[in-house]
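Residue numbers (our numbering), protein chains in the order written: chain A, 54 to 596; chain B, 2 to 95; chain C, 528 to 723.
Treat the hints as calculated values from the structure; they're not laboratory data.
Computed from a predicted model, the values in this text were never measured in an experiment.
Among these hints, one or two may not hold up.
For lysine-lysine, the following BS3-like pairs were computed, each having C-alpha atoms within a straight-line distance of at most 27 Å [what the hints assert, rightly or not]: (1) C:Lys627 <-> C:Lys569; (2) C:Lys627 <-> B:Lys64; (3) A:Lys338 <-> B:Lys64; (4) A:Lys551 <-> A:Lys61; (5) A:Lys71 <-> A:Lys61; (6) A:Lys248 <-> B:Lys64; (7) A:Lys338 <-> A:Lys478; (8) C:Lys604 <-> B:Lys64; (9) C:Lys687 <-> C:Lys627; (10) A:Lys108 <-> A:Lys166; (11) A:Lys116 <-> A:Lys248; (12) B:Lys64 <-> C:Lys569; (13) A:Lys474 <-> A:Lys338; (14) B:Lys68 <-> C:Lys603; (15) A:Lys166 <-> C:Lys603; (16) A:Lys478 <-> A:Lys108; (17) A:Lys248 <-> A:Lys108; (18) A:Lys248 <-> A:Lys474; (19) A:Lys166 <-> A:Lys61; (20) A:Lys160 <-> A:Lys478; (21) A:Lys61 <-> A:Lys116.
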Amino acid sequence: MNEERTEKSYLEMETKYKGIFAWIFSTDHKRIGLLYLYSIAVMFIVGAILGLLMKFELVAPGKTIMGAQTYNGVFTLHGIIMIFLIVVPGLPAVFGNFMLPLMIGAKDVAFPKLNLMSWWIYIIGAVVAISSQFMGGGAPDTGWTFYAPYSFQTDTNMLPAVLGAFILGFSSILTGLNFIVTMHRMRAPGMGWFKMPLFPWTLYGTAWIQLLATPVVGITLLMVVAERVLQIGFFDPALGGDPVLYQHLFWIYSHPAVYIMILPAMGAISEIIPTFARKSIFGYKAIVASTMAIAFVGYFVWGHHMFTSGMSGTALYTFSILTFLVAIPSAIKVFNWVSTLHKASIHSSVPFFWAISFIFVFMIGGLSGLVLGALATNVHLHDTAFVVAHFHFIVFGGTGFAFMAAIHYWFPKFYGRMYDKAWAKIGWVVFVIGFLSLYLPMFYLGIAGMPRRYYDYLPEFHGPNILSSLGAFVMITGLVIIITNLVRSARNGEIASKDPWKGRTLEWTVDSPPSLENFDEIPEVVHGPYDYSIEEKQSGKVN
Amino acid sequence: MNKENHHIVPYWVYFAVLGALLFLTLITVLITRIELGALNTAAAMLIASVKGLIVLLYFMHLKFDQKIYGIMVGLVTAVFIAVIIITFFDYFYR
Amino acid sequence: MHRDDEASKIGMWLFIFTEILLFGGLFVVYSVYRYIHPEAFKLAGEELDWVIGTVNTVILLISSMTIAMSISAIQKKDKKLALGLLYATFIMALIFLVNKYFEWNLKFDHGFYPSSEVLQELGHGTILFFGLYFFMTGLHAFHIVVGMVFIGFIIYYVHKDRITFDNHQLLENGGLYWHLVDLIWIFLFPLFYLIH
């Protein structure tokens, strides 16, 4: 279906720069979104290879391909990359940048130059962090959590790792700042807050977390630098400091950080389900309230990462209760997504499959989180493979699956082309089988007592580890299929229309791909999002 | 759109604010000379908070701005204070 | 693109929130260690000169007033007064830093600095107090330097009439930043200089 374009696509726009410079110096939110997409994809491949190396090592007890020190360096870098370079920037940087202005009827974000700066800071932070692998002292071996006192006692290259993370924090903060101002000031006429779609709402909650939590880890990392360089004493017991205070400060950011990871993921799911159900989302206001509740309460549960650290009894049960409370709004969202499907006209497609499988793995991850949030069981499971399973289900399953759903959903808008649907389905099936096979055994292994962050284990854990490591290979195969399909389709896929999915939010009213300024005329918004009229529901299937 | 920019704060208001701040500074110095034990910190922090509030309302213009700014400042302060209090659930009860 | 002053103002406030949380982390550390080492903090606090501290506090409060007034001045189209007030703000910032420099040097001369032997002898509470003192006042002084650069740019733009009575959000934002620096000091001052 070829529709007449009035303006050139943003992909083909000529600017005063030539070649690659037209991209890396572009202040267009769509190009910046793609810059993030490609940087994140490259970093993800590196992080995934590191993960694969770990699974290789763990396929048998004893040393398989690496010893303890190397293994420590591998899981540290794997964590640093996956957390700071993939899932924290993840959906906001790619889909927030590309879609937010489109979804609220704006031409760009509030501060386009600041937006470009955010990406450059991301690149610089990445380079600094990864440089830690190549200097004299050896790769950092503390884990991505940089716990004191080891983080200031180890001879490995902590400074570039810690400073890299510090720099990356600025990228996150500036993105959050940009999005908040964008949503306050640039919604199209008629789009009140409660006519705004749900993905922007989650970006709003996320942005506040990025803004308020990140500085705390920033200053904490600077304190670690001060320990290493000046022996300042904040976390050094020999000088009067308390290592547990490091943990408090670290998790005061890093717990809210997981809500940075999951809220936009939930937002993407909230976009996709109504579209393929051809039905308005069930409980729009409840989802908005849940989003804000998660963002707010999420600031006060950080101690559940520290149940075995020696905190007071009061702290223990306070954090445990709050952890159970914060699960409630997430559960509300799951109910609402499922309720949307009730009596809906479901059109299956790959984004929808990713969304449904998101709900499945997110629930497993979330429920295992409750097991960890209970004090008695936590003592048994802390620092075991159970924890590793939990966070991979909820972060990789959650943010990762939602990312996959989002890239397949918004792909036609990005590139004006459709991906190969058959290969996309195959990729999904292979990936999910591999994912489940990789991570489910870890629940059992953790309960049985296998510790995390160990390159070796007792012989009785061998069987499930084989299954897990095989799963890794299957999952990577699925990943290769998915990425290859997307890359090829971006160049040679079938031309896509403005609105291949019959979506009801503003991004589907503009060209695929959009022109530089998105809208020929800023729209006047009358209806809320997801406004499916009765006629639409009865009109039958659309590809 | 920019209604606040049309509101010009008279110079005397700023002088008065400075006066209040200097006065409160004097009070803080004096009050901490008296031995009040734990209340010393509380008193000093209370006065500092009042000074801070005056700076926010007048120098930083919150009194004359749209309500949303004040709400944001309030919420951020509340989150920060909550974080300190919850941290003390650990240290106070160890 | 149409200029949006309100967006710029919100952006500045959001940045200020990040600064509050940045220093906030240090205030958490301070409050925990003061709670754990009340006596040592008291004794260590007496090593600091409360007179310099008070003078610096007064200087910063006055400088906040001058920059706030400069906004009214520019709104009243009194460019000369605005510039005068901005220069006064800048100079007071400089005096604050000079005082700080002398203060710190005095401390270094007496053997008070992170990882010094003098501190080691005096014990954990003292080590933590001075660690916090140097880190927090140091970070604060860094923010003053940044503020001076910001004010420097503003002074230049006022000279060049790029900041005027109907285009002065940058000046307002600079003011907001400066008041933040003042606010932080309002809390630092009693916590370090007034524990006896």
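Consistency of the hints with the structure:
A distance of roughly 21 Å separates the Cα atoms of Lys627 of chain C and Lys569 of chain C; the hinted pair therefore holds under the 27 Å criterion. Between Lys627 of chain C and Lys64 of chain B, the direct Cα distance comes to roughly 33 Å. Violation of the 27 Å bound is thereby established for this hinted pair. The straight-line distance between the Cα atoms of Lys338 of chain A and Lys64 of chain B is roughly 32 Å, outside the 27 Å bound, and the hint therefore fails. Taking the CA atoms of Lys551 of chain A and Lys61 of chain A, the gap is near 14 Å; set against the 27 Å cutoff, the hint holds.
With a C-alpha separation of about 17 Å, the suggested pairing of Lys71 of chain A with Lys61 of chain A holds against the 27 Å cut-off. Straight-line distance between C-alpha atoms of Lys248 of chain A and Lys64 of chain B comes to about 30 Å, which puts the hinted pair past the 27 Å bound. At most 27 Å may separate the alpha-carbon atoms for a hinted pair to count; Lys338 of chain A and Lys478 of chain A exceed this at roughly 33 Å. With a CA separation close to 23 Å, the supplied pair Lys604 of chain C and Lys64 of chain B stays within the 27 Å bound.
A distance of roughly 33 Å separates the Cα atoms of Lys687 of chain C and Lys627 of chain C; the hinted pair therefore is violated under the 27 Å criterion. Restraint check for Lys108 of chain A and Lys166 of chain A: the C-alpha separation of about 42 Å exceeds 27 Å, so the hint is violated. Our distance criterion of 27 Å between C-alpha atoms is broken by Lys116 of chain A and Lys248 of chain A, whose separation comes to about 57 Å. With a C-alpha separation of about 37 Å, the suggested pairing of Lys64 of chain B with Lys569 of chain C is violated against the 27 Å cut-off.
Taking the CA atoms of Lys474 of chain A and Lys338 of chain A, the gap is near 34 Å; set against the 27 Å cutoff, the hint is violated. For the given pair, Lys68 of chain B sits about 25 Å from Lys603 of chain C by alpha-carbon distance, which is consistent with the 27 Å threshold. Note on Lys166 of chain A and Lys603 of chain C: the hinted pairing is violated, with a Cα-Cα distance of about 32 Å set against a maximum of 27 Å. Proposed proximity of Lys478 of chain A and Lys108 of chain A is supported: the alpha carbons are some 26 Å apart, at most 27 Å.
Among the hinted pairs, Lys248 of chain A with Lys108 of chain A is inconsistent with the structure: their alpha-carbon atoms are about 46 Å apart, more than 27 Å. Under the criterion of a C-alpha separation no larger than 27 Å, the hint pairing Lys248 of chain A with Lys474 of chain A is inconsistent with the structure, at around 32 Å. For the hint pairing Lys166 of chain A with Lys61 of chain A, the CA-to-CA distance comes to about 22 Å; that is within 27 Å, so the pair holds. Straight-line distance between C-alpha atoms of Lys160 of chain A and Lys478 of chain A comes to about 34 Å, which puts the hinted pair past the 27 Å bound.
For the given pair, Lys61 of chain A sits about 57 Å from Lys116 of chain A by alpha-carbon distance, which is inconsistent with the 27 Å threshold.
Of the numbered hints given earlier, the model fails hints 2, 3, 6, 7, 9, 10, 11, 12, 13, 15, 17, 18, 20, 21; all others are met.
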